Amino acid sequence: MPFTYTYTARNKDKSERVITFTIFENYLRVNLTGLVDQFSEFLEEKDRQDAIKDFISTQSGSAIYKVLERLSGPVHVNDVKTNLDDGHLKITFWKRIAGLRFAPITLVMGKVDNPQAAAQFVDTLMDRQDQAEKPGFFSGPLDYWVSWIGLLIGLIVLIKWPKKHKTSE
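Per this note's numbering, residue 1 is the first one in the sequence shown, and the count goes up by one each step.
Accuracy of the hints is not assured; some may be wrong.
Unchecked claim - When the alpha-carbon atoms are kept at most 27 Å apart in a straight line, the in silico BS3-like pairs for lysine-lysine are as follows:
no. : residue 1 : residue 2
1   : Lys81     : Lys111
2   : Lys90     : Lys12
3   : Lys14     : Lys111
4   : Lys81     : Lys12
5   : Lys81     : Lys14
6   : Lys12     : Lys111
7   : Lys134    : Lys81
8   : Lys14     : Lys90
9   : Lys134    : Lys95
As the list claims (entries may be wrong) - The following label-pair restraints were derived from C-beta to C-beta distances:
no. : residue 1 : residue 2 : range
10  : Asp113    : Glu25     : 20 to 30 Å
11  : Trp161    : Gly99     : 29 to 39 Å
12  : Ile156    : Ala119    : 42 to 52 Å
13  : Gln116    : Ile159    : 53 to 63 Å
14  : Asp86     : Leu152    : 35 to 45 Å
15  : Leu155    : Ala119    : 43 to 53 Å
16  : Pro2      : Lys160    : 26 to 36 Å
17  : Lys111    : Trp161    : 52 to 62 Å
18  : Pro2      : Pro104    : 22 to 32 Å
19  : Lys160    : Lys14     : 50 to 60 Å
20  : Thr4      : Gly99     : 22 to 32 Å
21  : Val122    : Val157    : 37 to 47 Å
Read the hints as simulated data drawn from the structure, not as lab findings.
Note that the coordinates shown come from a computational prediction; the quantities given were computed from them, not determined experimentally.
Virtual Cβ for every residue (Gly too), placed ideally from N, Cα, C.
Could you put together the complete structure from these sequences and hints?
As structure tokens, then:
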């Protein structure tokens with residue numbers, strides 16, 4: 001039977017801020033529950049016009065939701081770093097493109113309403129990380145797209161440099 005673990009984090013001060021994390025085998029899925037509603041509330045706090053809020057919540061809300069869902073998972077458990085300090089939960093995960101780490105996404109929940117459950121989630125995630133195989137082909141700096149782009153630029157410079165010196169002499 002496959003391993004599954006679900007944890008729902010709720011902000012202690014703002015109960016409408018809810019994120020559900022599901023560990024399924026070696027992957028973490030993030031359900032950004034109510035995030036579009038939170039986006040609308042952010043607009044209210046900034047005293048934006050109602051027309052802008054209505055447009056975002058009705059016209060582009062489903063598109064924003066789909067983009068966020070696409071970005072949020074599933075992510076391999078070894079691409080996730082958690083930080084639970086004094087009841088404040090912060091999770092950073094890396095999205096991969098073609099097997100290499102491309103961009104980090106950080107979710108900050110703030111102080112959670114149930115720190116014991118959050119600690120159990122972090123412990124369970126760390127246990128799964130110990131059991132799971134590494135998701136990428138490389139480890140260390142070569143596991144990031146930016147490293148390969150830097151190597152490619154360096155290689156181009158090395159190839160062009162001698163040609164530039166020969167033509168100037």
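Against the structure, the hints come out as follows:
1. Lys81 to Lys111: holds, 17 Å
2. Lys90 to Lys12: Given pair Lys90, Lys12 holds - Cα atoms ~14 Å apart, limit 27 Å.
3. Lys14 to Lys111: holds, 9 Å
4. Lys81 to Lys12: holds, 22 Å
5. Lys81 to Lys14: holds, 24 Å
6. Lys12 to Lys111: Between Lys12 and Lys111 the Cα gap is close to 6 Å, so the pair holds against 27 Å.
7. Lys134 to Lys81: Holds, at roughly 14 Å.
8. Lys14 to Lys90: holds, 16 Å
9. Lys134 to Lys95: Within the cut-off at roughly 14 Å; holds.
10. Asp113 to Glu25: 20 to 30 Å: Since the Cβ atoms of Asp113 and Glu25 sit about 28 Å apart, the hinted range of 20 to 30 Å holds.
11. Trp161 to Gly99: 29 to 39 Å: Between Trp161 and Gly99, where Cβ atoms are some 31 Å apart, the hint holds.
12. Ile156 to Ala119: 42 to 52 Å: holds, 48 Å
13. Gln116 to Ile159: 53 to 63 Å: holds, 58 Å
14. Asp86 to Leu152: 35 to 45 Å: At roughly 43 Å between Cβ atoms, Leu152 and Asp86 fall inside 35 to 45 Å, so the hint holds.
15. Leu155 to Ala119: 43 to 53 Å: holds, 46 Å
16. Pro2 to Lys160: 26 to 36 Å: Taking Cβ atoms as reference, Pro2 and Lys160 lie about 52 Å apart, which means the hint is violated.
17. Lys111 to Trp161: 52 to 62 Å: holds, 54 Å
18. Pro2 to Pro104: 22 to 32 Å: holds, 27 Å
19. Lys160 to Lys14: 50 to 60 Å: Given a distance of about 54 Å, which is inside 50 to 60 Å, the answer is holds.
20. Thr4 to Gly99: 22 to 32 Å: holds, 25 Å
21. Val122 to Val157: 37 to 47 Å: holds, 43 Å
Hint 16 from the list above is the single one not met by this structure.
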